[in-house]
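Chemist: Letter by letter, the chains look like this.
Protein chains: 2
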Amino acid sequence: MTLPSKLIEEAVSQFMTLPGIGRKTALRLALHLLYAESDKVERFGEAVLKMRRQLRFCSRCHNIADGDLCVICSNPSRNSGLICVVEGLRDLIAIENTGRFNGQYHLLGGVISPVDGVGPEDLNMDSLVSRVAERSVQELLMAIGPTMEGDTTIFYINKLVESYNVKVTVIARGVAFGGDLEYVDDLTLGRSIAARLPYEKYLVNGTE
Amino acid sequence: MTLPSKLIEEAVSQFMTLPGIGRKTALRLALHLLYAESDKVERFGEAVLKMRRQLRFCSRCHNIADGDLCVICSNPSRNSGLICVVEGLRDLIAIENTGRFNGQYHLLGGVISPVDGVGPEDLNMDSLVSRVAERSVQELLMAIGPTMEGDTTIFYINKLVESYNVKVTVIARGVAFGGDLEYVDDLTLGRSIAARLPYEKYLVNGTE
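Just so you know, the protein sequences line up as chains A and B, in that order. Following my numbering, the numbering of the first sequence begins with 6 at its first residue and continues without gaps. Following my numbering, the numbering of the second sequence begins with 6 at its first residue and continues without gaps.
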């Protein structure tokens with residue numbers, strides 16, 4: 006597919022670098038902007054550039070931040086004794102959306118994955134240990150995906166903070182709400198049976 | 006879904022203005038750029054802004070152009086006696102991709118649609134008539150979608166150029182190649198029967 010202008014060709018190529026955007030979609034997006042009002046396109050381009058140029062990372066938890074600390078770390082009503090350890094920003098956003106967590110976060114920036122060449126030294130481990138050492142952190146809640154790499158990472162962190170007086174917990178794994186039992190994979194179903202809990206506890210819907 | 010930064014919130018909102026991009030996809034795209042290398046993001050933003058700032062439209066056919074004339078109008082090997090009239094750039098690109106057309110184009114910028122408040126005066130009609138009047142145009146090939154509005158537009162143009170010595174043709178409509186007869190709509194199937202052609206003609210695969 007040849008395009009009648011080098012400028013649009015370049016814009017299409019750039020859109021194609023985004024995840025899940027193929028050449029046809031890239032062309033549709035580029036043409037949309039091409040025919041949009043000029044100031045709308047300026048706003049679009051500027052927003053993207055500004056985000057990347059001005060955005061900083063929280064010096065405490067590595068969340069994205071507009072200043073030195075992110076909105077969560079600088080919020081005095083959040084419980085600084087409870088730290089939820091997540092892989093990255095997407096997971097933080099997902100947990101925030103539940104409205105069920107009032108602690109702080111720590112973004113690892115990935116999980117330990119020898120296959121992909123990601124070791125503990127590539128992740129935000131040192132700053133996590135410093136936080137545990139310096140502050141009165143009572144609990145580290147591991148909200149990390151139930152994969153081989155995730156479990157390895159949890160195991161590693163548990164070892165790291167062993168000597169400190171901190172409780173390490175892991176988010177519950179089991180059959181999802183609204184999920185049909187027959188479609189649940191064996192591992193999840195097996196684990197959810199092994200980790201069964203008394204009915205009284207099942208009913209408790211505490212917000213931390 | 007609240008985001009932990011105003012900058013990323015603005016970028017997500019801007020991505021959501023693009024066609025077919027909802028909030029979740031917008032977030033995915035914004036986060037991709039957020040974690041991408043800085044110069045990659047600069048290239049992306051600049052490509053979009055440059056496209057809109059520098060792009061011009063061909064003074065002859067209204068195609069996008071890097072200069073005064075587009076690559077097609079400035080190509081001496083294209084047949085200037087044959088003009089393919091299309092709604093817009095997408096159709097031009099689709100026809101160019103077939104590799105079966107060697108004439109020039111004229112982009113109307115839409116079709117006549119009273120329902121949407123689009124009249125002939127909103128489209129590139131005058132410049133089309135000028136081209137027909139000024140140059141030795143032998144044929145206007147109408148490559149316009151087979152809709153009520155498309156047919157109205159073709160009818161209108163046919164009337165407009167009636168007094169000039171130009172042949173008006175319309176792209177063939179019928180059952181698509183590879184299409185299953187049983188799923189073809191009645192109108193298309195009926196028309197394709199009415200417009201049936203002798204087998205010898207069916208076999209001709211001339212490139213214009």
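No lab work stands behind these hints: they were computed from the structure. Careful: at least some of the hints might be erroneous.
Each pair may be met inside one copy or between any two copies, as identical chains are not told apart.
[To be verified] Calculated lysine to aspartate or glutamate pairs in the EDC-like style (CA-CA distance at most 20 Å, straight line):
(1) 45 with 131
(2) 172 with 44
(3) 164 with 185
(4) 172 with 131
(5) 11 with 131
(6) 55 with 44
(7) 45 with 139
(8) 164 with 187
(9) 164 with 139
Chemist: Next, verify each hint and record whether it holds.
Modeler: Do the hints match the structure? See the list:
In this homomeric assembly, residue 45 and residue 131 never come within 20 Å of each other (Cα to Cα): the closest approach is 43 Å inside a single copy and 29 Å across copies. For the identical chains of this complex, residue 172 and residue 44 are neighbours neither inside a copy (53 Å) nor across copies (42 Å), given an alpha-carbon limit of 20 Å. Taking CA atoms no more than 20 Å apart as the test, residue 164 paired with residue 185 passes in neither setting, with 36 Å inside one copy and 63 Å between copies. In this assembly of identical chains, residue 172 and residue 131 lie within 20 Å of each other by CA distance solely inside one copy; the values are 18 Å within and 77 Å between copies.
Taking the shortest Cα distances, residue 11 and residue 131 never come within 20 Å of each other, neither inside one copy (47 Å) nor across copies (28 Å). For a Cα distance limit of 20 Å, the shortest separation of residue 55 from residue 44 qualifies both inside one copy, at 16 Å, and across copies, at 13 Å. Taking identical chains as interchangeable, the C-alpha atoms of residue 45 and residue 139 are never at most 20 Å apart, the minima being 47 Å within one chain and 38 Å between chains. For a Cα distance limit of 20 Å, the shortest separation of residue 164 from residue 187 qualifies neither inside one copy, at 36 Å, nor across copies, at 66 Å.
Taking the shortest alpha-carbon separations for residue 164 and residue 139, only the intra-copy value of 18 Å comes in at or below 20 Å, while the best inter-copy value is 84 Å.
In this structure, the earlier hints numbered 1, 2, 3, 5, 7 and 8 are contradicted, and the remaining ones agree with it.
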